Structure formats: structure tokens, C-alpha cells
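Using the sequences plus the hints, can you model the full thing?
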Amino acid sequence: MEHKANLTWDEANFLLNNGKGNSGAQRLYYSAFQAVHGFAQKKGLWTPGHKKGKHEVAKAIVKEHLRDCSVAYNMLFGLRVKADYTPEEVRVDEVTTHLIARAKSVREYFCNQGK
Amino acid sequence: MDSTTGQIKEAVATLYPLNFIQIEEIPDEPNLIGVGVYGVEKNQVMVVAESIAKIEDTLFPDGSRGLIPLIRDIETTQQYYPECMPPRPADVMAQLDRLARLWRAVATDSLLQDAGCWSQLAQEECISDYGLMSETLLPAHFSVGATWCLPTRCDSRYGNIASEQSRRLPHKQASPAANEPLALAA
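Quick mapping for you: the protein sequence lines, in order, are chains U and B. Quick note on numbering: the first sequence equals residues 1 to 115 in my numbering. Quick note on numbering: the second sequence equals residues 1 to 186 in my numbering.
The set of hints was computed from the structure by calculation and includes no laboratory data. Here the structure is a predicted model, which is why all the values come from computation and not from measurement. No residue lacks a Cβ here, since even glycine has one placed at the ideal position from N, Cα and C. Fair warning: there could be bad hints in the mix.
What follows is a set of in silico ranges between Cβ atoms, one per label pair, in the way DEER data are often shown [unchecked claim]:
id, chain 1, residue 1, chain 2, residue 2, range
1, U, Glu64, B, Asp97, 46 to 54 angstroms
2, U, Tyr85, B, Glu50, 20 to 28 angstroms
3, U, Lys51, B, Ala100, 50 to 58 angstroms
Partial chain B-side listing against chain U, Cβ under 10 angstroms, derived [to be verified]:
id, residue
4, Glu29
5, Gly36
6, Val45
7, Glu56
8, Leu67
9, Ile68
10, Glu75
11, Gln79
12, Tyr81
What follows is the structure in C-alpha cells.
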């Protein structure tokens, strides 16, 4: 999943740099999620049919392994939920440099751990 | 609203009493709970998110449920959810001003001695404002006042005590000072 997480990261940056807040926020979340999910699968923490959802498991893993990034990861998931399901559009300025930096940390940490 | 969502909402409302709060569904993750907080200052968004994380730790230390912050800043709230905007500072100040007048009257004891003042205040809707204020802005500071001042439009917590106190009130002539306009307390 590392390759995919890195591709998604590039897409997120491209979208955010081009004023696409909704799609940018989605891809930014997924760039972190894909790294965590890859780690979860590799360690057997999540398999298809798991009683908990994959995003819930990923949230718990980030909280356990990278506590400092946990709030930002939750925020990114919240932005992704808003981008997908609620009437409002996520603005580019809602995806702050802090969130971007935390997404990067999560992606890098779990890509490395998953190797 | 089940007890879990009620607890979450109450915990968030205690921290952010002026903001509209709504528990929201996360469509593809039924075990996660979205916590919608509206009309948040842009520079306070992460602070609110951290508060929600702490509430999650308190309410679900075993990780049985997870909270997801769905925070709308003022710009988003104004544009998409104008009905969820927090009261304007001017409105809050106006309510505080009315509260201060009422509180001053209570403090001078004149109000407590005249049952007629109760109905007058009720007509002016000071009491309902007072109830609102005591529930939102200043619960700790004015809890004693709430006991005295909510005999007719009280909530369940203050009702019995307030009714009891109001029955004990002696009927005297109201002091004219109780009806004078008073400046906002410092």
C-alpha cells in the first residue's frame, strides 16, 4: 500500500494547490489511511469481515501508535466525511498546514512500519 | 436520542454552551459517532477537536466507540447552516444586561420580598432569559440565583427548591429600586 499511499499524497497536493478543497481533503485523508490500512493488514489487525469497520480500526491504530497525530487524523476523517456526505464544500483553507504535516507523518510512519 | 449520544452532547455543550451541537451519523462506519459543532472560530477548530478527543477518552476508555469531529467554522456555518449560528455578541450582551438587572434586584433583597415582582418579571420574560443564561453562560456563578429566580418557568433541577423558596416569601411592598434600570454589572 506504500506506493498507493504515496500516489494519493501527490494527488492530494495537486488538488489542494489547485483550489479543490473537497477532493483534496478526501485524498489527503486517504493518503494517510492507505498507509495505516496497509500496516493493519500486514499485522493482521484488520481482515475482510472484521467486526469493526476499516476506518474505525485505522483510527484506533493511529491513536495507539502515533498519539500526537490522533486528533489531526480524526479531523482529516471528519473532513472526508463532510466532503462525501454533507451539503457543505470543504474549503482549501480548512485543510491547514498542520493537518497536512500530520497526514505526512502518519503516512510515512505507517509506510515504514509496514515494510 | 439514546443515552450515549445524550452524554456526548451534554459533555460537548458543557464546554461550548453557545454553539449548536449535533450528533451526526457516519454513513460507512456505524460504530463511529460524528460530533457536529457549529459556528466555531477558525482559530479554535483544533481546540474543539482536541476537546472531543478528550471526551472520547472519558466516555469510552475501552475504545468501544469513537468520536469524529465534524466542526463547522463560522464561514461554513454562515453559508450552509445559518440557523445554527451562535448568538451574536451584541445579543448576548443585551441578555446579560437584563440578567444583571434581575440579579441586582435579587441581591438587594427587594425582589425576594415581593411576590408581585415575580409576575412582573415573568411578563417581561426576564425569568426565561435568566433561565437561559443560568443554563448556558454562567451556571456556576448564578446557581444560587437560579434557585431563587425560577419559580414559574423553572427546569426540573431547580423547580422543587425554587417553588419551596417562593412559598416562604413574605409579601411586602416592592422597593422602587427593584424596577429602576440598572447598569450592567462589572
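Taking the hints in turn, this is what the structure says about them:
At roughly 50 angstroms, the beta carbons of Glu64(U) and Asp97(B) sit within the given window of 46 to 54 angstroms. Evaluation of the 20 to 28 angstroms hint for Tyr85(U) and Glu50(B) yields a pass: the beta carbon distance comes to about 24 angstroms. Take Lys51(U) and Ala100(B): their Cβ atoms lie about 55 angstroms apart, and the range 50 to 58 angstroms holds. Among the interface hints, the one on Glu29(B) holds; its C-beta lies about 4 angstroms from the nearest C-beta in chain U, closer than the 10 angstroms criterion.
A distance limit of 10 angstroms between C-beta atoms decides the matter here; for Gly36(B) the minimum to chain U is near 9 angstroms, and the interface restraint holds. This hint holds: Val45(B) has a C-beta 8 angstroms from the nearest C-beta of chain U, less than the 10 angstroms allowed. A least Cβ separation of about 9 angstroms between Glu56(B) and chain U falls short of the 10 angstroms threshold, and the interface hint therefore holds. A distance limit of 10 angstroms between C-beta atoms decides the matter here; for Leu67(B) the minimum to chain U is near 8 angstroms, and the interface restraint holds.
For Ile68(B), the interface hint holds, since its Cβ comes within 10 angstroms of a Cβ in chain U; the closest pair sits about 5 angstroms apart. A hinted interface residue such as Glu75(B) counts as satisfied when its beta carbon comes closer than 10 angstroms to some beta carbon of chain U; here the least separation is about 7 angstroms, so the hint holds. Restraint check, Gln79(B) versus chain U: the minimum CB separation of about 7 angstroms is within 10 angstroms; hint holds. Residue-level restraint check for Tyr81(B) holds (minimum Cβ-Cβ distance to chain U is 8 angstroms; threshold 10 angstroms).
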